[in-house]
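Spelled out, the chains give:
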Amino acid sequence: MAERSFAREVQDLRLGAGETFRGEGILAVTKALLQSGVGYVAGYQGAPISHLMDVLADAQDILGELGVHFEHSASEAAAAATLAASVNYPIRGAVTWKSTAGTNVACDALSNLASGGVLGGALIVIGEDYGEGSSIMQERTHAFAMKSQIWLMDPRPNLPSIVAAVEHGFALSEASNTPVMLQLRIRACHVHGSFAASDNRKPAFPLAQALENPVRDPMRIVLPPASYLHEQEKIKTRWPNAVRYIREHGLNETFDGDITELGIITQGGMYNGVLRALHGLGLATIDGTTRIPIHVLNVTYPLVDEDLAAFCATKRAVLMVEEGQPEFLEQALNTILRRADIQTRIAGKDALPMAGEYTAQVLSDGMCAFLTKHAPDLPLAQPPDPRPLLAQPTIAALAQAVPPRPPSFCTGCPERPIFAAMKLVQQELGPHHITGDIGCHLFALNEPFNIGSSTMGYGLGSASASAFQVPPQPGKTSKRALSVMGDGGFWHNGLVNGIGNAVYNRHDSVTVIVDNHYSAATGGQDLLSSRAEPQGRSTNHPIEDAVRGVGATWVRRIDRTYDVAKLRDTLREALTTKDAGPKFVIASSECMLNRQRRERPLFAAAVKKGERMVKPRFGVDEDVCTGDHACIRLSGCPSLSTKPSNDPLKPDPVAAIDQSCVGCGNCGEVAEAAVLCPSFYRADIIHNPTWWDRTLAALRARAITWLQARRSARVLAVS
Amino acid sequence: MSRPLCIAITAMGGQGGGVLADWIVDLAEHAGWTAQSTSVPGVAQRTGATIYYVEIINQPGAILALMPVPGDVDIVIAAELMEAGRAIQRGLVTPNRTTLIASTHRALSMAEKIKPGDGTAPSPPILEAAALAAHRLLAADMQEAAERAGSVISAALFGALAASAALPFPREAFEQTIRRAGLGVEPSLRAFAAGHDSVTAPPPAPVTPATPPQHIAGPDAEQRAYASALARLTDFPEPAREMLTHGLRRTADYQDAAYAHEYLDRVAGFTSDPTLATEAARWIAVAMAYDDPIRVADLKTRPTRTTRLHTEIAATPAQVIETTEFMHPRVDELLATLPAKLGARLERSPLARRLLKTAFERPRRVRTNTLWGFLQLWLVARLRPRRRTLLRHAREMAHIEAWLATVRAHATNPALAAELLACRRLVKGYSDTHSRGTAKFDQVLTALPLIAHRKDAAAWIRRLREAALADEHGTILAGAIATIRTLDPEPAHA
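Chains A and B supply the protein sequences, listed in that same order.
Following our numbering, the residues of the first sequence are numbered contiguously, the last one being 719.
Following our numbering, the residues of the second sequence are numbered contiguously, the last one being 1213.
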């Protein structure tokens, strides 16, 4: 079950010729796959392509009707290997993941796939997680395309162009026997637009036909001598075929302009930004008319040498707009022109910055720098520039006045108590070396937990503590390394490279496996160990069984992570026990975001039906709270905040819990475990109370009122 | 049209910025316009700062941008005040064109919440910058408006957007959009109207929080004794009287009228300077009304507490509320609540401590809506008249006297004396938190001899106090004290 429902979007997948699809870029890709007669789709979820996976997961009936196989791969490596179906058979297949993180994982299969080549179209939909909103290292997928000779498409970021790129991507792949990457930046994945739909197509070559009539060709397998031939084939056959297809179908576009002695070459994905920058300088209109000719590379690898040479030949200077580094395209363009002996000046990373996202301001500045240098007499409009305003002291002072707001754990998150327990155990045993992993739990890196010293990749939390195995010195207590791994990472990679590795090498460290029943950070997709029973998937395979199955013996399972005291005690035991070998603590509670999504409608419906329902909520007695905020430093829940104290004798703000509280109980548990303060209370709100509830409450209230009155008569109360 | 209308929404993940963007797109498309929206949620959807961007144009085939051009944005909608500040910092709000619609409420960031003192970033600098940067500023507490309507802030912001008339669509078209979305329509429309009105109706006249009238209950003799304490206020300098009133209330409410008189006796030693008197009035009251189990039990069993709890959790009269208190009393608290001699003797015996620890120390969840649970706290609260005989009281009074003696020793420098009084702010909380606070208090006072002779001694004490409140472990305080040790000796204060 993903974090949100895609029931409406699924219906859009049924649109046919004559209808208009309206929606997100990544969903347009999904629809385009079905229009292209794709035979199978696989992938690994992650922003910004999660929605492609989520929609298909909800569209089982449509996929069934078309005969399309869809699966959630265990990792990007498994997804890439799925493309093997297109090696021997004319079956179109598509896989997807976030890049470059996912491409790194997929590389083994990708290299093998690219070496042997494909018969059916093989499309890799890449969510290029770069720039604002990215959660990964800032690298380029372009390098992977070049090293394996996989073609790279980077279409203009509008829905018709993206959809055309999917259809051409398959055809290009088939024409050149080469897998094709379709790269979409974050904003292009999430862009809302429309395109004219066409009918979905059943795959021309059904999967069953392949199984019934298997084909093999040893020459497609990476083993000498075939591997040597593959390299020659890539250069001598596949590359020229690809270039021919790109030229014949006009995949790259040229927009003419009247200032013919200048030109701009841009990645397709940067086109809208380039045009807006030109608009600001008075050199383009909003409908796309430009005064400076623009050559758009909707395919950024391979380059079409002849087209580029022809575009540049008549120009004095050309600006290459290429986001990211190193500047592969600019280098290639210089080589192309040098070989053709064309003297056109190439600007690129001299006018634009080498590193970082090409935002509107960056593009505008770069364009300005290029034009001032190469066309000093060209009159330019004054582009919008907020910098003089930003330099004013009142605005500049915002740098100190606006606090940063990095992402963090959600309200009621079951992972927070795990890190509260880690903080408490470190207060007792001193600071430890703690290795992090990929997943929501990485938010522990920030305030208020400040936990984690490294993150090496998905499922690699445990493996990244491998070196820290120090034999205990007699008479000395030695500290153990502590690792964190999520259930997503566990099934992606961690079982073998974390658990198996630690067991085999007799590690002495401690690994905490955070099991929240979903791949939560990527949008709450199900996993092998999920408790739900999604249609067409096998779940409910406990992590504990897997851990013990690879030979672990010291395993503790905690089925309610909100029990901070128990977690702290278990961690203390794991860190101090005399038992040799790796120690594993499986801390398990359902992701609150998904739990709320599941339970909230049921609760509301039951209340509406008049059933007796109990909803817990937490609160703070503001006159008992002393405003030290120790509770917040151990919790960090968004619903636990501070508010100005009403008490003139108390200048510091007091803790307060807002309406968003889901009643998980973490703050009460933390206050208890850390012996903080008695100001927390839990209020159980009984909706539709029974006659007995009301009678009992009334009797209790009478007795309590009597006791209160008795005291009021005896002691002074001034409020 | 030569350019589209450009709209940026800055929000925190989970605030519904995406819904708002979808509504704007739907609104424009239904009017026959072309609309494009983009976002970069990623991990930011987990409570981090994020941005949504929409361009709309009444012209087919336009090439629309995927990110805002600084200095070229028509409308910025900020779902929280600091997010408005962030939008201004990014250059999205400029006087040439931007209508800034901002909710003025605060959702505190982690950095603000975790400070042991007051880490709240002040709002006025943001509002000042907004007034300077925006072409037009529409600011109101949209969160409050939405909550009143039983909905979420996105609907209130959509209402404010309609009210701004920055988009060429009538109010009905906005409301139709909400109806078309079909989810929680009625609450959304109420919040929409509330948001609309919050920026059109003149802001309600600020209500000056009048000091609530004193509510006094208790035996007549006590009430008379308290009245006589109030009558003594005229002996004190005028500027300190308001704080003294608060102090009197607190000490009388904490113990009894005699305690309030004791309080006045203590403050009377610091009336040479009005500021000093005010600080003494505040901090001596805080110190005398130290937080002990009796006080906690007392506060948690009062009728006013029941009323407040029901308001806070917004319960309706048809619902039944059950309450559970989370307590973890330690042996230390138990012993401190025994008669002074007995408590001290048991404290010295490791065996007794260990036995008591096993028998007594564990987390306790007290269900105060039940008779038995309430009675437990009520009985603890009944110890109040005997408080003066208990071990904790003896200790607290000794601590207060030592502290006040130090202050008195520097009475010739009233500014320094006032700062020393204010150091009491560091002592707060229960158990470990209390010990840590007391340790910081002691550290600051230990540094006093190093600087007492300096002209700027008061400023140094204030700096040390602020340092102590800036982080949990006192690292910044230790650094500040280390700095003091490196100061050049300075001629003594004349």
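Do not rely on the hints blindly, as some may be mistaken.
[As the list claims (entries may be wrong)] SDA-like cross-link-like pairs, simulated, lysine to any residue; straight-line CA separation at most 25 Å:
1) A:K236 / B:T1030
2) A:K643 / B:A1113
3) A:K650 / B:A1113
[Claimed, not checked] Partial list, computed: chain B residues near chain A (C-beta under 8 Å):
4) G804
5) S828
6) D860
7) L949
8) A950
9) D972
10) Y1009
11) D1010
12) T1020
13) L1028
14) N1088
15) W1097
Everything labelled a hint here was simulated from the structure, so no lab data went into it.
Backbone N, C-alpha and C define an ideal beta-carbon position, used for all residues, glycine too.
Cross-check of the supplied hints:
no. : hint             : result
1   : A:K236 / B:T1030 : violated, 78 Å
2   : A:K643 / B:A1113 : violated, 33 Å
3   : A:K650 / B:A1113 : holds, 24 Å
4   : G804             : holds, 4 Å
5   : S828             : holds, 4 Å
6   : D860             : violated, 14 Å
7   : L949             : violated, 10 Å
8   : A950             : violated, 15 Å
9   : D972             : holds, 4 Å
10  : Y1009            : violated, 10 Å
11  : D1010            : holds, 6 Å
12  : T1020            : holds, 7 Å
13  : L1028            : holds, 6 Å
14  : N1088            : holds, 6 Å
15  : W1097            : holds, 5 Å
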